[in-house]
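**Q** Sequence:
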Amino acid sequence: MIAILDPFSGIAGDMTLGALVAVGLDPDWLRALPERLALPGVTVSIEEVERSGIVCQKVDFDIPPQPHGRHIREIRRLVEAADVPAAVAQRAGEVFTAIAVAEGEIHGVSPDEVHLHEVGAVDAILDVVGSVWGFQLLGVERIFCGTLSLGDGFVKAAHGVLPVPAPATLKLLEGLRVKAGPEGSGELVTPTGAALVKVLAEGSTPGEYLPVRSGFGAGTRDPADRPNALRIILAEPSTTAGEGREELLHLAADIDDMTGEELAVLSDGLRAAGALDVVLTATMMKKGRPGTRVEVLTRPLRAPELEDWLLRHGSTIGVRSSIVSRRALRRRERIVDVLGHPVRLKISTLPDGSERTKAEMDDLSHVASVTGRTVGEVESIATLAGERP
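All you need for this note's numbering is the position in the sequence shown, starting with 1, plus 32.
One should not assume that every hint holds.
Stated by the list, open to error - Here are the simulated distance ranges between beta carbons:
#: 1; residue 1: R105; residue 2: R68; range: 17 to 23 Å
#: 2; residue 1: E268; residue 2: G140; range: 41 to 47 Å
#: 3; residue 1: G408; residue 2: D300; range: 40 to 46 Å
#: 4; residue 1: G372; residue 2: E268; range: 30 to 36 Å
Derived by calculation from the structure, the hints in this document are not laboratory data. Just so you know, even glycine gets a beta-carbon here, dropped at the ideal spot from N, CA and C.
Assemble the whole structure, with the sequences as input and the hints as a guide.
**A** And the structure:
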């Protein structure tokens with residue numbers, strides 16, 4: 033299953049949550065989210081509203097006075113300590129990091145010093161975690177986004193009146209397809225909405241897909257001339273010839289002056305920054321010096337960021353890029369209980385329609401370490417659990 037964001041009237045966190053409810057996310061699950069995240073006193077209201085005659089879901093938070101604002105690093109720690117799946121916490125952390133990096137660059141501070149005011153911090157936590165987790169619960173494996181309408185004019189912020197899009201929002205939108213207007217619409221893309229697209233979306237709307245379900249999440253304003261809403265389309269990839277094949281970029285750099293430990297850290301950093309795959313290969317460089325070729329596979333949207341990372345954290349002075357075509361099996365994820373602990377199963381569909389299941393090694397290793405079982409024993413239990421309906 034794929035999801036397509038249609039931000040014809042921009043995007044914000046509450047609009048994303050509303051659209052997720054409209055396409056099937058359980059409203060009661062969303063209402064219980066503040067308790068899971070240890071945000072006492074916060075309540076979630078969900079109602080059906082109309083925007084230009086279109087029925088939408090509207091999500092609002094009732095947030096009591098908070099003791100203080102939160103730095104981004106505090107928000108990440110809060111999410112990591114909550115009752116949240118590891119994969120959700122990791123991806124939500126990437127969204128918060130994207131916000132922190134953008135805000136930090138604009139205001140000239142380090143990302144960890146970025147501070148969200150009291151209500152804004154709680155809003156961001158619920159918007160980000162709710163959206164990331166919501167897509168997972170709906171079985172969405174990949175997310176795409178159409179051209180973002182930015183709005184126009186000016187917006188009042190903590191630092192004064194700023195042009196639309198706000199500087200940090202525009203920083204987050206670098207590399208994404210956007211358009212100005214419509215005229216008189218004001219701010220349409222919030223920093224949280226921009227960060228969600230930046231981290232979650234793999235590229236623009238596919239040329240072909242099979243729509244399964246669609247729904248709208250309402251924004252707060254209700255202009256007379258257009259529906260202020262975000263549409264989410266749940267779809268299956270096109271079954272035309274070439275299904276499962278995609279165009280990617282291959283980045284490569286040769287390095288002969290970094291240690292093995294440094295190269296391992298570099299590889300981990302590239303994967304954390306969004307690389308699909310990182311491979312280190314021994315090679316021979318100028319003057320017969322042994323070296324290492326760092327090869328990175330990435331989707332085009334992430335390529336500039338990964339090139340910057342490789343140039344900044346590696347010792348190379350140049351990165352080569354080439355277009356490659358990859359055919360990938362369709363896959364989905366399922367979580368099973370193994371000895372009281374969650375284990376993720378990656379299930380791939382083979383060309384003949386049969387399926388192949390593989391348990392996530394990090395999860396197997398964790399369960400083995402806390403139960404005293406071997407990794408092989410834990411894997412056997414997980415495989416049997418995966419065979420049950």
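**Q** Any of the earlier hints contradicted here, and which numbers?
**A** 3
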